[in-house]
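Protein chains in written order, with this note's numbering: chain A, 1 to 623; chain S, 1001 to 1192; chain E, 2001 to 2295; chain G, 3001 to 3525; chain C, 4001 to 4230.
If you are wondering where the hints come from, they were derived from the structure by calculation, not from laboratory data. Careful: at least some of the hints might be erroneous.
Just so you have them, the derived chain A footprint on chain C, three or more residues with Cβ under 8 Å [claimed, not checked]:
#1 4063–4071
#2 4091–4099
#3 4219–4228
Here are the in silico distance ranges between beta carbons for each label pair [claimed, not checked]:
#4 Thr2243(E) with Leu528(A): 29 to 35 Å
#5 Leu513(A) with Ala2165(E): 28 to 34 Å
#6 Lys4158(C) with Leu528(A): 24 to 30 Å
#7 Val3445(G) with Val197(A): 35 to 41 Å
#8 Arg4228(C) with Glu1131(S): 40 to 46 Å
Note that the Cβ used here is the ideal one computed from N, Cα and C, for glycine as well.
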Amino acid sequence: MTLLDGLWLASALTALAAGLFGRSPSAGPWLTALYGVQFLLVAFMGPLAYGADPVPASPAFSVLGYGLSWQFTALSWFFAVITAGAALAAAWFMSGAWGRHYAEQGGDLRLLQLALALNPSTMYVLLASRDFLSLFVGWELVSWASFVLMLAAGGVGVRWALRYLVYAIGGAMAVMAAMVLSHALTGSFEFGALAAVVPDLSAGTLWSLVILLSGGFGVKMGLLPFHLWQAGAYAETPGPGSAFLGAISSRMGLYAMLLTLFGVLGLGTLKALSIPWTPLEAHELLAWIAAFTIVLPTFTALKQNDARWLLAWHGIGQGGYMLMGVAMGDALASAGGLMHVFNHATYQAALFMAVTAVVYRTGTADLNKLGGLVTRMPLTFLVLLVGIIGLAGLPPMNGFVSKWLIYRALIDDGQPLLFVAAVVGTLGTIVSVYKLLHNIFLGQLRVEHESVREVPGSMLAPMLALSLIVFVTGLAPGLVLDWLTTVQRELGLAVLAPTLGGVERPDGGLDMLWVVGILFAGFGVGALIFLAGGRARTVHQLDNYAGGHFLTAEVRYHYSDNFYAGLMHRIGPWYRGSFQWLQDSVVAATDLLAQAAAGVYRVVQPAAWLLGVTVLALWWVAA
Amino acid sequence: MNQGSRELQVWLDDLLAEIEQVEMRRKRERRMRLDVDADALPTLLELLKGKASYVHLSAITCVDWIAEGEFELIYHVWSYETQSLISAHTRIPREPGRYLSVYDLYKPAAFFERDIYEMFGVYFEGSPFMEKFILTEWDGPPPMRKDFDSEAYINQFFNWQEYRPDWLKELEAQGGGIAIPPDEQRYSRRED
Amino acid sequence: MMALIVELVLMPAVAFVVGLAMLLMMRKIAAKIQRRVGPPFFQPLYDVVKFFGKQTQISHGLIHDVGIIVAVGGYIAAETLIPVPGMTGIADRTDVITLIYFLMVPSLGMALAAGQCANPNASIGISRALTAMLAYDIPFVIVIFGMSWMYGTTNLVQMVEYQQAHGWGLFQAPLLAFAGLFALQGMLGKQPFEIYVAPAEIATGPMVEMGGKYLGSLIVMQSFSLYTAGILYTTLFLGGGVTWIDFLVKAFLVVAIPMTIAFQFPRYRAEQMLGSLWKWPVLAGLLGLAVVMWS
Amino acid sequence: MNFVVLAVALPLLAGFLTPALGRSSRALAQWLGWGTLAVCIGVLWVAWARLDGGTVAIAIGGFRPPLGIVFYLDAVALLFGLAVPLMALLLWPREGTPQQFALTLVLTASATGLALSGDIFNLYVFYELTAAASFGLIAGRGTGAAQGAALRYLLLSAAGSVLLLAGITIVYLRTGTLNLAHLATLAPERLQDPVGLAAFALMLIGLGVKGELFPVNGWVPEVYGSVSGRLAGLLAGLVSKLAVLVVVRILVLIFPQPEAAQLMLVLGMLGIVAGELAAWRARDLRRQFAFSSIGQLGIVFVAFSVPGEAGIVAGLAVALHHLLVKPALFLLAERWGGSIEGLRGAGRGHWLASGLFILFALSLVGLPPLPGFWAKLLTVMGLMGLGTGLAWLGALTVMAATVVEAAYLFRTLSVLLAREAGYTSPGPHRGLDLVTASLAGLVLVGSVFALHPLGDGLKAMAAQAADVQGYIRTVLGDRAVARRGQREDRISEAHPASRGSDRPMGRADRAYGWPAGSPTRGARS
Amino acid sequence: MKELPVRTEGAFAKRTNPLAHVFDEFVRFCRSHSLFMLHYCTGCGAIELPPAMTSRFDMERLGIQPMVTPRQADILLVTGYVSVKTLKRIILTYEQMPAPKYVIGICSCTVNGGMYWQSYATAKVLADYLPVDLYIAGCMPRPEAVVSGMRKLMGLIKTGKAESWKDYYRRYDHYLGNQQALFGERWQTPTDVLGEAQQYGLHGPETEGEHTALLQQVQQPLIPHRMRLK
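The shape of chain A in the complex, shown without the other chains:
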């Protein structure tokens, strides 16, 4: 009865409890306690992150002659910590007032609790996979679990969930093809067997393996050609669900890619595999896909007018950073990419929860119908501020550390265009997250929002806890970087030597303790300068300069619609929605084929049809 079994049992128990007692809001705290137990069990497996040997799971089947077994390694432990943390935060958020509110609004709380409980349990199974078969079993279970969570929204959410399902099953089939191809090559589903055969495989087979694996797992990660489902699916899922999905669900694709592409095939193979007629290798191809995945979704997020959709689009963009870091492969970049998984999980969950809090109080997430809520919901503002500083990657928060690592590695490797793409993504993020913060919290407070109050404690606690984590890991990134060294060693990547503050390097290192210290010292001196100027009198928002005009409350002068008009004049025409057109044309083609197929069955003269077919068959046979 190893720790891993305990974890599986606990998660199964949580799912059962959620299924049985999920409907009553009072069950929330108990469920949160169960999630806490799961988190503790994962924490007890801590030594894994410092080089202990893998924790096996006792159930092991053999089906049709092929063995099926599971174990937790350092890589899986790293992802498991994030999953357990995100699940605990989401459940904690749902356990209190939000759950009651959701139930009153007619939402099905039982289905939501069950779906949320199912997700981490299936993820622990996926994270423990040891060979292709268990990986595929875990992969399908996770895809279906997130499908159930997306269904919980009902109405529009179901339409997006169905679109997600088609993408997910397509991805799963690609993975199955790769799995069966490796079975055809080695006769078994073991990773080791494939790893042994890899050196003498032809380039064609290797390329098909790489494309199938990266394509299949790329669908879940929302890489560029397959990213259209993710924004809608994550935005339409109810509050804590979207927080959990946004934080960790699409990173399972990265885990699986790490396990197979980097663990089994190995970075060396990827680097050796070059695209014919181009100077690019396989890992550079992945890096370029990541670069486009950073830039395009971020600038799509810029145009969104709904807060949840803006955040969901950013989730896709940030996924690009993770893949780019890992694809570059050297010590700094892979550490940056992996740490970005942790960082993104923390602030994305906090941001989704903050937006849900705003929706909880004002009833809408439309950026053109909000404004000036900072005086009414200051703590939610603080959480959103910390979140967007993290998302944009500005110094005090942890987002900055992982982005710095990736940039520093890109400079080392001499990849100017990737560097510029990453920076354009960061700038796009800064520009669009300020729009989010400004349109909701700053500017003119509407008359109908003056009675809005701060959200209750049960929703505030997880948000503030996540923000604290964002700040602490920003202050001392060494805590997370140590875990990553073991992961790098396990995957065979170059290993980083981190200090508590970041990376010690003669030619330009990073020491966050000094950086954050200096920043706050600067703020202190700034405050002194500011206070030297005597007291200021706070005035009402209507006591404002408007060219001599007397402002009244009915007039709405909060600038929020078409927030970056100047920018949009320039880059507006570049938005052509080519991927949307691509997807629609594929759907139209299938529809055409389907019409043809249905036509076959409307033919009236069966006999003549039969005769024709037999003649055809005989001709074919004779040829």
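Knowing the structure of chain A, use the given hints to seat chains S, E, G and C on it.
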């Protein structure tokens, strides 16, 4: 004045001469004054606009004849073809101070009529915007009427800074108050 | 450690003084171009003292004050990252990428303060300021990449030593130097690219509701930004400073060039700014990069 | 072991008695039917127990095999033989008239015969009998649509039977015998040429009518759309599988050459594409299930087209899974007839029915622990193992079909479970339907826990079915086996390419059962 | 210059030690040398300001810059006739300016009505509605006069005599009375002048009166939105 417009001019003069209610006086080659009574004015304007190419209403003037107890309304219409201006004068009694709007003939009339309404109190029925536009802060009687004594109003509402000549003494103490002596001011008038 | 503490206090102070001098130079250049006498020598000091001497001033709430503190504090912190003759602050512990991000913190602070003023002019100003940031940061980042690649390090102190040994960066990568200067023009936010403080259109943008000590702090911030732009360019391209005299001469010269250009141009629209900053400096930067990386 | 013939004879006899009894009391006829079916089940169960892994050939009426009719009993035959009466019992036409009872019994008899018979002409006879019985049952429904469908099905089936007969006559002309085992010994040198292949093609299309093979399954949507759920389940679930079993028998024993398998693969792929895409567009629930069954049958054909034991294992797995799931789905569709849009919110009231629907949909799409996934995995592994371009295309089609299937099944489900229920729920399912469906569900879930034994059982069954020499030995005795060996050597010189490819010897190669050149195979596996 | 009965006790006067005195002296010197002029053309006199700012007369050498919003400006230039409608905007702008602020009445219309003295629509004496520091007479004074006026104001500031902004708070009732006489009882501005007088310790005996009482009945003072946790 090409040929066509001269014939038009001649035709109009003969026509107006025949109508006895209309008293015509030609001031100058391109200025004509018509006097017509109040209820005939709109038809006259319609004639001028429709037949005689007077398509532009330059202004509507109002004169307050307080002695006769009448307002005089003068419609200045201009013709681009004949390059000439006709001022149609008419008189309306001062007391009810109501008259018919010509907004349907000339769109600019709305503005002129509102102006006159604010300043003189003559209400034009049918004019679209008959509320305060210029004198929003003023709730006294229409100020341009002769019976309104502006000076009396001012003395009643505003007070004055009393004029104290000792201001001048300080200036003279400083040399006449003008920092630059006059002879140096105009460079052009310097003798040297 | 004590020397470090002294440095951390002294560097911002020097920055403030030199910054005020640069402000004066800017206004003097403007005056000379417009054939005017120009302000007296200590005018910036008078302005700052007057602003901080204001007896009544208004604020629109806590975030308005915090935003200004973050703006000024951000720049003060950024000063300690750039090595100056005799003082290195924590420049050897961090690198130029951290510095770029430190320069973004003040604009976020000002954005918060302006947003809280609930004035449409301020919001439009901030949206234009972030658009401007998007415009000038891309060429600037290409320049940073090029120079880091050429010097083989991102640590500014080592960059200065490299240039002392191998000659100025300006001569080794002239195209990147041009791109850097063009980006500097956008970064300082003066005339051709002054889209976010457009007095005629949006009533000085973010500063519309700032009076008294708020505007005083922003003037201090502007002096810091001039100073930082000057010495960063000098550190990257003109071999940093061995003695304070040549360092300051170079810094003032660097700031003088964009200023003279600035006061001869009308104000561009936002999309024209994006167009020009994304076309010429980026082209020059990439060309320079190609030269640097393949030579 | 001769009592096994009872399993065919008894239902036939009962079939003819039922109308007479039915005139006096309907209940008595019903009990007669059930009794006969129970007896058949008992007979077959005892036969299987006595068989314990071996294979037995029964000569009917004592005549020696080359002339007389022979029944060949091995694990696969008995499995399907046993399934026939069991399914007939479960899917007994409830409100049917005595005529329908009779027809059902005749159907059961002929189906069991199809499963067990070892003589090709005998198979044709039983095939005709099955077709006749199913026309009667379909028309028996009484509605205009049902009779129209039955007529069109009759026309198509008759044409198919003509082709089947033509195929059999060609085989008879070339070999002079009708016994499968004897044919197996003569086939290597008599039927390898294109004419032999033509015979196979004719037989394939003839049997394809009942097996819902691509070009000839025009009747499927009409019939299943207009017939009662129970009958549709019986036809789709059981009878089509038997036709496929016959095709497999012929393929394995008589036509081992690769072109035959490729023809089946191509037609199977076309069936998948047509079936799944038509289902994606279907607007009526029953027709959607009909098209889905065409797609699934396509996958069965594709699976069986893989040469050797791996193909048979995969085919059996997919066939058995479909046999279990499809009738249950048709039972669920019994109450939810009509257009899908009209069913908005219908599933909200009945949680058991919706739950079962979800379970079956998940298994069809292949959620890992459920057997549907293992069947699909075996099929894809079999196909990918071949390495030929066509096989890869087949695997790709199977996988693409899964995506389309997931899309339309869960679209229908989302409509059924939609919250804004404006639809007056059509009343609860009939008790027995639900019980049968939940029984199928239980078996499905039960198989998840018994995956290991089931896997091995299937493997053994497949090995036995693929063992051509064993078949000949049990039917004709040992000397015939020697003759078959010499003929095989001559073939191997003529077709070297068709022997194992040059890939490293992986476990998949051993699974193909290609005779590794030695004239006689080892002892019975 | 019009001597206004201004009492000089205020926040700064109470300090006694010499250092404070020197510091006050320095602050007043800087304040006088850095005047920001509000770019608000209330009447015809404003056309004289651009020439005063540009190259020929160059006010920047005096440290005077044009600023756009009242929050940033020190001097409010009331140029030309003050029509009643414009006076409302002038008062709003004046109240939005941070103190110490100064008002300069340019052109004779602000002194005693100028050539529009007869008009019912213009306010004759600006001093009734706003405390005016300095008048620059002339029916549009030439730029030299404007510059010399500015020098005069700088002298007043340096010597600490330009304290009229405090007078607005101390005799607010008088000003408010005149304003209400002109604009009617319902006249109010968004700025809470009484609150400010309270906060800056300029609440003299004449600040409150019957006019402010009337104002308090009409105006619902705008309470700023405070940060609220619960």
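Hint numbers contradicted by this structure: Hints that this structure does not satisfy do not exist here, as all of them hold.
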